[in-house]
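Sequences and hints are given; from them, build the entire structure.
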Amino acid sequence: DTLSCRIRGFYPFAGRPTGFWGWLLKEVHQAVMVSTSIGTDRAFMDFMTEGSDAAEVWWNEALQWRVLLGESIPGEVRMRNS
Numbered sequence: 006d007t008l009s010c011r012i013r014g015f016y017p018f019a020g021r022p023t024g025f026w027g028w029l030l031k032e033v034h035q036a037v038m039v040s041t042s043i044g045t046d047r048a049f050m051d052f053m054t055e056g057s058d059a060a061e062v063w064w065n066e067a068l069q070w071r072v073l074l075g076e077s078i079p080g081e082v083r084m085r086n087s
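Here the numbering used here = 1-based position in the sequence shown + 5.
Hints were generated in silico from the structure; no laboratory data involved.
Keep in mind it's a predicted model, so treat the numbers as computed, not measured.
Some clues are possibly wrong.
[Said to hold, decoys possible] Distance ranges between label pairs, derived from CB positions:
#1 A59 / T23: 25 to 33 angstroms
#2 W26 / V62: 19 to 27 angstroms
#3 V72 / I43: 39 to 47 angstroms
#4 I12 / I78: 28 to 36 angstroms
#5 A48 / T23: 25 to 33 angstroms
#6 W63 / I43: 38 to 46 angstroms
#7 S42 / E66: 45 to 53 angstroms
#8 C10 / V62: 25 to 33 angstroms
#9 E81 / L29: 19 to 27 angstroms
#10 L74 / V39: 30 to 38 angstroms
Where is the CB? At the ideal position from N, CA and C, for every residue including glycine.
Following this line, the structure appears as structure tokens:
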């Protein structure tokens, strides 16, 4: 049995913007997909901010700058069978 993985990029929301916004937001959000060589089972791991859209980083501009400059924030991983 061999495990393989790939990084999948997608837009951070439903739908697909066009033009400048489509280019800017393309593959902003990433997830890791792990699959096995035996069978069709795959695990999908989605990495995101802890608390989802209630996280302070979404409304606190000072924190946004600190993250941009390399500071870490709490996160969570959501896993599902894909």
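Going down the list of hints, with the structure as the test:
no., hint, in the structure
1, A59 / T23: 25 to 33 angstroms, "holds, 29 angstroms"
2, W26 / V62: 19 to 27 angstroms, "holds, 20 angstroms"
3, V72 / I43: 39 to 47 angstroms, "holds, 40 angstroms"
4, I12 / I78: 28 to 36 angstroms, "violated, 20 angstroms"
5, A48 / T23: 25 to 33 angstroms, "holds, 32 angstroms"
6, W63 / I43: 38 to 46 angstroms, "holds, 41 angstroms"
7, S42 / E66: 45 to 53 angstroms, "holds, 47 angstroms"
8, C10 / V62: 25 to 33 angstroms, "holds, 26 angstroms"
9, E81 / L29: 19 to 27 angstroms, "holds, 25 angstroms"
10, L74 / V39: 30 to 38 angstroms, "holds, 31 angstroms"
Figure legend: structure checked against the earlier numbered hints; the only hint not met is number 4.
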